[in-house]
Every structure is written in structure tokens, then in C-alpha cells.
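Below are the chains, spelled out letter by letter.
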Amino acid sequence: MISLSASETEPTEVPVTATVPTTPTTPDAPAEQAAAEQAPVEPDTDRASVRDPDAPPVVSVQDLSITYRTTFEKVPTIKSAIVRFGRGERAVREVHALQGISFDVAEGTSLGIIGANGAGKSTLMRALAGVLPPTSGRIEVRGEISSLLSLGVGFNGALSGRENVMLGGLAQGLTRAQVAERADEIAEFAELGDFMDLPLRTYSAGMAGRLAFAVSVHMEPDILLIDEALSAGDAKFKNKAAAKMDELMSSARAMFIVSHSLASIRELCNEAIWIHEGRLMLRGTPQECGDAYMRFLEVGETAFTLEDL
Amino acid sequence: MPTQDVARRRDPELRVYEPHRAGLPKFGPYFRDLRHRLPFAAEFSRSGIRAAHTQTVFGQLWLVLNPLLMALVYYLLVSIINPNGGGIERLAHIVCGLFVFQLVSGGLQQGSTSVTGGGRLIMNMAFPRLLMPLAAIRTAFFRFLPTVPVFLVIKLFTDEPWGLEMLLGAVFVLLVTVFSYGLAAIMATLQVYFRDTSSFLPFFTRIWLYLSPVLWTIDDLGGHGQRFAHLMLVGNPLFSLIGGWTELALLSEVPEPKVWLAATAWTVVAAVAGSLVFMSRERDFAVRL
Numbered sequence: 000m001i002s003l004s005a006s007e008t009e010p011t012e013v014p015v016t017a018t019v020p021t022t023p024t025t026p027d028a029p030a031e032q033a034a035a036e037q038a039p040v041e042p043d044t045d046r047a048s049v050r051d052p053d054a055p056p057v058v059s060v061q062d063l064s065i066t067y068r069t070t071f072e073k074v075p076t077i078k079s080a081i082v083r084f085g086r087g088e089r090a091v092r093e094v095h096a097l098q099g100i101s102f103d104v105a106e107g108t109s110l111g112i113i114g115a116n117g118a119g120k121s122t123l124m125r126a127l128a129g130v131l132p133p134t135s136g137r138i139e140v141r142g143e144i145s146s147l148l149s150l151g152v153g154f155n156g157a158l159s160g161r162e163n164v165m166l167g168g169l170a171q172g173l174t175r176a177q178v179a180e181r182a183d184e185i186a187e188f189a190e191l192g193d194f195m196d197l198p199l200r201t202y203s204a205g206m207a208g209r210l211a212f213a214v215s216v217h218m219e220p221d222i223l224l225i226d227e228a229l230s231a232g233d234a235k236f237k238n239k240a241a242a243k244m245d246e247l248m249s250s251a252r253a254m255f256i257v258s259h260s261l262a263s264i265r266e267l268c269n270e271a272i273w274i275h276e277g278r279l280m281l282r283g284t285p286q287e288c289g290d291a292y293m294r295f296l297e298v299g300e301t302a303f304t305l306e307d308l
Numbered sequence: 000m001p002t003q004d005v006a007r008r009r010d011p012e013l014r015v016y017e018p019h020r021a022g023l024p025k026f027g028p029y030f031r032d033l034r035h036r037l038p039f040a041a042e043f044s045r046s047g048i049r050a051a052h053t054q055t056v057f058g059q060l061w062l063v064l065n066p067l068l069m070a071l072v073y074y075l076l077v078s079i080i081n082p083n084g085g086g087i088e089r090l091a092h093i094v095c096g097l098f099v100f101q102l103v104s105g106g107l108q109q110g111s112t113s114v115t116g117g118g119r120l121i122m123n124m125a126f127p128r129l130l131m132p133l134a135a136i137r138t139a140f141f142r143f144l145p146t147v148p149v150f151l152v153i154k155l156f157t158d159e160p161w162g163l164e165m166l167l168g169a170v171f172v173l174l175v176t177v178f179s180y181g182l183a184a185i186m187a188t189l190q191v192y193f194r195d196t197s198s199f200l201p202f203f204t205r206i207w208l209y210l211s212p213v214l215w216t217i218d219d220l221g222g223h224g225q226r227f228a229h230l231m232l233v234g235n236p237l238f239s240l241i242g243g244w245t246e247l248a249l250l251s252e253v254p255e256p257k258v259w260l261a262a263t264a265w266t267v268v269a270a271v272a273g274s275l276v277f278m279s280r281e282r283d284f285a286v287r288l
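So the protein lines, in turn, are chains A and B. The opening residue of the first sequence carries number 0 in numbering that gives the first Met the number 0; numbering runs sequentially from there. The opening residue of the second sequence carries number 0 in numbering that gives the first Met the number 0; numbering runs sequentially from there.
So here's chain A without its partners, still in its complex pose (with noise of 0.2 Å):
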């Protein structure tokens, strides 16, 4: 079984098969990685035993804990705060977000963070990329990280996709150089067509959809942060995003995915953890953890959760 913390379970189960464990230097991986596509075998496992069992975790999150306070006003103005002021009210909430969360992830694993509307989830995959930095707590990371942590580049409508994509991928630290070069990839990946040189706020919600997603895996991660993007475009498109990320499965370290879909984790992750009220529930297999969450809920799965990639 799995154990609430989790930790333990990891990585030494992950079975190991005849291959002997090489360090994972570029250039045997592709190698390796052909040879494990080719094979008709559950690819998930393949891919983890591939790995150096021995190598640090990519990412090692120990004892996470996030409290914030924030406030609850739509609009906080010097003028509300005068008028509460006078009336002795405070307008400031504190959110324990996440509580005591550890886990670790091994190089080679796609990881699917599920959970109800509330549970963390975003708030872990914003402290994963360093946005949120931990209120007690530690989280070690080793690798780039792209993080494409809601729909939309929208930095400023007036500008063009094209100055958009230079804008995100300098903020992500890349040079000028290693942006333009990939700016026409992303373009033609994203279908954009002319609309790349137009400005933002000319788009369609599911071009600037494409175009974020596009963005954020032709950044060469080592570790790719997905929340909720999944949606972005039509079918076609869908399609297309699923095998880039078949793709970059074999080119990145780890990704992790937030999901609504407990048909999208099932298909694209091989270990899974389940977030509620932030704490750690569960970790385990995408199977174990999607049953238990939809256990939990007692709704069993219907058409609306099954709904495809």
C-alpha cells in the first residue's frame, strides 16, 4: 500500500529491470529512450527504470508549508481602508495553503497533482516555479523550469504574439538570441499563421491559448510545470499537444500536471499525488489516486470527469 506520507514509497520502488542503471548523460539518453518507445510494454515504468536509481531527486519538496495573508476586497484602496479603519475592521484573511506537504520526484516522472477547486494545487506549482517562495519548509530543485501556470501569455494586449513570446521567454531568463531562434517554431506550432506578428488583443481566446502552450514547451525545460492548459484549442490541436508532450516526456527530467481530468493524468503521468485542503492525501499511481479522490467525492466517474484529453 501507500503510505499517507509518501515520501518513503519512492524512488527505490520503482521496479528495476534487466538494464543495468546508466548515469543519465545526454547522450545515452535518446538512445535509451527510442529503445523503451519501441517497446509495446507499459512505457511509464520503462521510463523511470531507465534512470539512475541513485540520482538526487529532480525535485524534493520536505515538510511545505505556505500561509499567506491576503485581503479580501476586490479593489483594496486607501479609501476602504480609512472607512474599516473607522469602523474597526480588518479586511486581511490568512490562507493556509499548503500544509506539511513532502514528497520527492525522481527523475524520468510525470507527476499528476489532483484535487478539488481550493486544495493547493496551483499554489504548489507556484512554489515549485519560485513565485511563491516556502513559509517554512524547503523545496529542492534541479533543473529549468518553464511553467505554463494558467491559460493566456497576456503580458500587454497592445503587443504583437511575437513580442509577447521575446518578453516571456527573457522573463523564463533566456538570452534574446535563444528567443528569436525559437520564435518562428513557436509560431508554427501554435498555428498562428500572420496572427503572430498582430497584437494580442486581436486574438482568440484559443489562439492565445495555443500560443501560451506553445510557448511554454519550446523553452527546452528540464522541468515543465502544466496547470489546467490542457484545454487549450480545438481537437486537432489537442492532439498535437498531446504528443508534444509525449515529446518532451523523454526529452525533460519531470513534469508535473494539473488536471481536472482524471482522464488526461491517467494518460499523460505515471505516479500521481492527491492534494485536499492542503495536505497530502495520497500517492501513488494515477489509478489509485484518481479512485480514491473520486471515493472521496462518492460521485464514481462520471461522463464529466472522464472528459477527454
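Bear in mind the hints are in silico, worked out from the structure with no lab data behind them. Think of the CB as a built atom: it goes at the ideal place given N, C-alpha and C, for glycine as much as any other residue. It is possible that part of the hints are untrue.
[As the list claims (entries may be wrong)] Example chain B residues on the side facing chain A (calculated, C-beta under 10 Å, incomplete):
1. Phe39
2. Ala41
3. Arg89
Starting from the known structure of chain A, fit chain B onto it as the hints suggest.
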């Protein structure tokens, strides 16, 4: 702590996120990251300018026309109020001070909305947030630059001397820019907590303009001038910053050492305090937007 340092040296790729001590991130990695991503601030500011003016002739012209019209409005005002106020010398003085003042007020206005305007970028990406006010100040600076030739043309029509001392004015422009950055960082932080900060700002800057030697000179003040000047030197940062610039650029006179000292001190205080205030609240930005 020591184990972490060892780990960092062994594995340069390893990044550790830990609680911020006393609310501040570790300075070493923070400023290294900041320097590494300065191209982002530059691009952010450049594309913002591009989007605002879209390279039209009138857009470019407006950059010069707007402060010039503003200067004319104040010139009319001053020459009506002041019996001996008119003349091209007065106009040159106003233009000289006002253009630099607009670097400060423009930087403050841009800077105050730099974080709240960052939106998704702030919420979803990890980068030193100080890049946002830095980009705003860069924008303000590049809006100031085209006004310098306008001032020089107006100065041509006066009898004020020209000299190499004028080049030293660049030092004061630099100080003013860094000073504005510090204040912009504070305003950007305030704006996150109180979204009407940027609406109050114009009133505040307007009063500040009247308190600074832009529309008046020390000589206008008559007998009380010296004592007042002393008070202003200590209490009003823009008195030394804009005063020093005007002396150099307009009058080609090197200001007294105390003016240099006050200007530098204010600049350092603003930049350090602004950075610290901003960095200590930075963590909140992602959850407050």
C-alpha cells in the same frame, strides 16, 4: 545552512527555495538573477514605448510637444503672477527644471502601476520583481532624452553662458533617475496594497513641483531666501537634485559641495530604502494581485 552551501557548490543547477529570513530574499542570488535578466526589463520598457507610440510621426512629436506645452502653461502662469517674471530667461529656467521634474513624476506614475499592471507575468513567473519598476524608470528616462535638445534650443535664445560644466549636468540626471527608481519601487509596493495610490500621486507630485525650484528661483524669494534654501536642501530631495541640474545645465556654474552631497545622499537613501521596502513585500505580490 552550511549543508545547503555545500550542495550549491557541488551542483550548480540546484535551486533551493527556503523561507525568506526577515522577509527578505538572499541578496547574492537575488541581485545575480536581477543582473542576468536586465535584458527583460529593457525589452519590457522598449516594447511598452513601441506600443504607446507605435512609431508614428505625431507619436514621436508628442513626446516633445507634451512637456513643451506644459512648460508654456507654467510660463504663462508665472509671468502673470510675477511682475518681473517674463522673458526668455524665465522660460529657459522653467523648461530646464520641468523636463527633469517630469522624469521624476513620469517615473513615479509609471512605476506605481508597474507591478499591478504586470498581472499574469507576476503571478506565474519567478523573476526578481524589481525588474518591473526598473523597466518603468527606463521608459521615463527614454521619454526624457528627446526633451534635452528642446531645452538646448531654447537656451540658445538666452544670454546664459555655454561651457564644459554643462556636461556635469549628466551626473545630476543620473542621480535623479536613480532617485526616481527608489521612489517608484515604494509606490509600486503601495499600489499593490492600495489600488488608488496612483490616483493620489498626481496631487502629491503637483505639490512637490511647487515646492521645488522649477517655477521659482532662490533669488525670487528675497530676504528669506537663504534660510529657506537651507531648509529645502535638507528637507526636499528635488531642491538639490533639480537645483544642481539647473545650475549646471542652464547657468554653467558648478554647484556648491553641499548641493552635491545632499543630492547624492538623497539618491542613495531613496534607492536603498526603495529596494528594501519592495523586496520585503515582494513575496506578497503573487497572492495580492
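Quick rundown of the hints versus the structure:
Against a cut-off of 10 Å between C-beta atoms, the interface hint on Phe39(B) holds, since the closest Cβ of chain A lies about 4 Å away. Residue-level restraint check for Ala41(B) holds (minimum Cβ-Cβ distance to chain A is 9 Å; threshold 10 Å). Restraint check, Arg89(B) versus chain A: the minimum CB separation of about 38 Å is more than 10 Å; hint violated.
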